[in-house]
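Enquirer: Residue strings, one per chain:
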Amino acid sequence: MTLDHWLEHACADADRRGLPDLKPLLSTLAQATRVLRAADWNDLVGAIRQQADEGRPGAATRPPHGAGR
Amino acid sequence: MNAIALHFRSITELAPLLAARQITSEALTGACLAEIAGKSEPLCAFIAVTGDEALDRARALDRELVAGRCRGPLHGIPISLKDLIDVQGVPTTAASQVRQGHVASKDAPVTARLREAGAVFIGKTNLHEFAFGTTSEDSAYGAVRNPHDPARSPGGSSGGSAVSIVTGMSVASIGTDTGGSIRIPSAACGAVGLKPTWGEVPCDGVVPLSESLDHVGPLARSVADAWLLYLILRGDRSAARWPLPTRPDVQGLRLGIPRPYFLDIVDGQVRQRFAEALAWLRQAGAETVDVVIPHAGEIGAIYLHTSLPEASAYHASMIERHPELYTPNVRLRIEMGRYVLAEDYVRAQRGRDVLRAEVDTALAGCDALALPTLPMPAPLIGADSMAIAGKVEPVRNMMLRLTQLFNLTGHPAISLPMAQTSAGLPCGMQLVGRRHATEALLGVASACEAHLAG
Numbered sequence: 001m002t003l004d005h006w007l008e009h010a011c012a013d014a015d016r017r018g019l020p021d022l023k024p025l026l027s028t029l030a031q032a033t034r035v036l037r038a039a040d041w042n043d044l045v046g047a048i049r050q051q052a053d054e055g056r057p058g059a060a061t062r063p064p065h066g067a068g069r
Numbered sequence: 070m071n072a073i074a075l076h077f078r079s080i081t082e083l084a085p086l087l088a089a090r091q092i093t094s095e096a097l098t099g100a101c102l103a104e105i106a107g108k109s110e111p112l113c114a115f116i117a118v119t120g121d122e123a124l125d126r127a128r129a130l131d132r133e134l135v136a137g138r139c140r141g142p143l144h145g146i147p148i149s150l151k152d153l154i155d156v157q158g159v160p161t162t163a164a165s166q167v168r169q170g171h172v173a174s175k176d177a178p179v180t181a182r183l184r185e186a187g188a189v190f191i192g193k194t195n196l197h198e199f200a201f202g203t204t205s206e207d208s209a210y211g212a213v214r215n216p217h218d219p220a221r222s223p224g225g226s227s228g229g230s231a232v233s234i235v236t237g238m239s240v241a242s243i244g245t246d247t248g249g250s251i252r253i254p255s256a257a258c259g260a261v262g263l264k265p266t267w268g269e270v271p272c273d274g275v276v277p278l279s280e281s282l283d284h285v286g287p288l289a290r291s292v293a294d295a296w297l298l299y300l301i302l303r304g305d306r307s308a309a310r311w312p313l314p315t316r317p318d319v320q321g322l323r324l325g326i327p328r329p330y331f332l333d334i335v336d337g338q339v340r341q342r343f344a345e346a347l348a349w350l351r352q353a354g355a356e357t358v359d360v361v362i363p364h365a366g367e368i369g370a371i372y373l374h375t376s377l378p379e380a381s382a383y384h385a386s387m388i389e390r391h392p393e394l395y396t397p398n399v400r401l402r403i404e405m406g407r408y409v410l411a412e413d414y415v416r417a418q419r420g421r422d423v424l425r426a427e428v429d430t431a432l433a434g435c436d437a438l439a440l441p442t443l444p445m446p447a448p449l450i451g452a453d454s455m456a457i458a459g460k461v462e463p464v465r466n467m468m469l470r471l472t473q474l475f476n477l478t479g480h481p482a483i484s485l486p487m488a489q490t491s492a493g494l495p496c497g498m499q500l501v502g503r504r505h506a507t508e509a510l511l512g513v514a515s516a517c518e519a520h521l522a523g
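Residue numbers (my numbering), protein chains in the order written: chain A, 1 to 69; chain B, 70 to 523.
Among the hints, a few may not be true.
[To be verified] Which chain B residues stay away from chain A? Per the calculated CB distances, all over 12 Å, these: (1) F77; (2) R78; (3) E122; (4) D176; (5) A186; (6) G337; (7) L377; (8) R390; (9) H391; (10) V409; (11) A426; (12) T430; (13) I450; (14) G459; (15) V461; (16) P463.
[Unchecked claim] Where chain B lies over chain A, by a calculated footprint (3+ residues, C-beta under 8 Å): (17) 23-34; (18) 41-54.
These are calculated hints, taken from the structure and not from any lab test.
As the structure is a computational prediction, the values presented were derived from the model and not from experiment.
Backbone N, C-alpha and C fix where the C-beta goes; we use that ideal spot for every residue, glycine too.
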């Protein structure tokens with residue numbers, strides 16, 4: 001599904017659910033999604049993991065969700 | 070000794086007076102309650118004031134001191150709690166009608182730790198509904214107002230907590246921080262606010278917003294007070310180390326300044342206060358170096374695709390049953406999160422890993438990163454957008470812009486007051502430390518504290 005199709009469906013769903021005020025927020029979300037998808041996170045994360053294997057700084061992993069709660 | 074002045078003092082100043090029985094917790098608590106009676110309603114700072122219970126508790130703690138038992142530096146100190154945190158027998162409203170009728174069956178672990186350390190709980194503070202906002206104006210209990218200018222927001226979501234400290238309604242407060250909700254109101258009101266390393270302080274018994282981003286931490290009048298409260302919240306019994314070993318000066322301190330993105334959109338007066346504070350720190354012997362977070366431009370997108378679906382997952386069943394009980398803006402944001410695709414949530418988590426590594430790298434040669442906490446002074450209540458550096462920007466984006474990164478990455482961060490604007494509005498400097506080195510960050514902050522306002 002392209003982002004344009006997603007936005008179209010999401011806005012139609014918001015109308016169907018009686019939430020027309022949600023449509024500008026969905027447009028904002030679509031803009032953010034476009035930014036998010038523009039980066040190749042797979043390659044970037046791979047590079048971090050490689051740095052971790054080589055013992056370079058900045059490579060520690062994120063704690064699992066829920067830890068410390 | 071003047072009781073009115075006492076309740077504006079720090080825990081550091083009050084603890085020895087209480088321990089030596091030169092003042093009583095009852096008098097101190099009574100002074101805070103008098104401030105609440107006079108100021109809380111127009112500022113909408115409290116949702117519940119537990120005055121009778123607080124005075125009973127203060128008297129009991131005074132009796133313990135007479136009997137020779139001192140629990141430590143928090144013994145007899147009146148503090149407020151953000152109304153997301155459970156206190157046994159007291160409602161936890163989350164500033165929402167959705168929670169009507171809820172009464173906590175037991176203390177949250179953080180509440181129990183504070184209670185054991187001798188805190189007097191004076192009341193539950195107002196907030197942005199479910200902590201889902203940064204201005205504290207969408208609340209079932211009314212908009213919280215900034216004591217420096219009641220037409221302005223105190224920041225949020227822990228707005229009532231920050232207000233309670235700077236107005237003398239409590240000596241310290243406990244808040245939560247999912248995108249900046251401790252640091253933002255601290256900066257907007259002129260308090261110290263600490264977000265510890267993620268996972269250090271338990272969030273059980275605290276209404277969640279976004280579980281992988283949520284933190285509990287203190288708002289206080291000084292770094293030393295925040296440090297003490299952090300140790301107690303963490304479950305560390307080393308409050309016996311009090312007074313804490315503060316760093317004597319900033320000589321040799323190395324601060325990383327992340328200029329690209331973080332200083333791109335900053336109000337002129339905040340920029341000037343920040344530049345002045347850095348100059349004073351350099352005069353005192355600190356060194357500043359420029360650092361870069363290469364993917365800073367993606368922070369907002371990664372934050373949105375993490376926080377929204379996590380919040381929506383928590384609220385899904387409630388918002389299906391009672392959508393009308395949410396304030397309109399919060400309802401819309403929860404609904405917005407229900408449209409985030411799973412693949413984009415996963416992308417955002419990968420983005421977090423990248424940002425975390427980039428912040429680690431930026432910190433590798435520094436004691437801390439330094440940046441403004443907010444890019445502008447407190448916004449007017451009701452404003453959706455505001456002009457900053459010649460551009461009109463959405464208030465919500467600007468409020469979160471400089472703080473949300475460290476919720477995504479889990480690094481500890483603290484906001485300290487800088488000099489005020491010409492209109493008398495507070496500005497904050499944010500210091501960021503290495504993960505799992507919150508005490509090292511507090512040491513840096515204690516050294517910097519005296520140099521930030523000239």
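Enquirer: Which hints, by number, does the structure contradict?
Expert: 7, 10, 11, 12, 16
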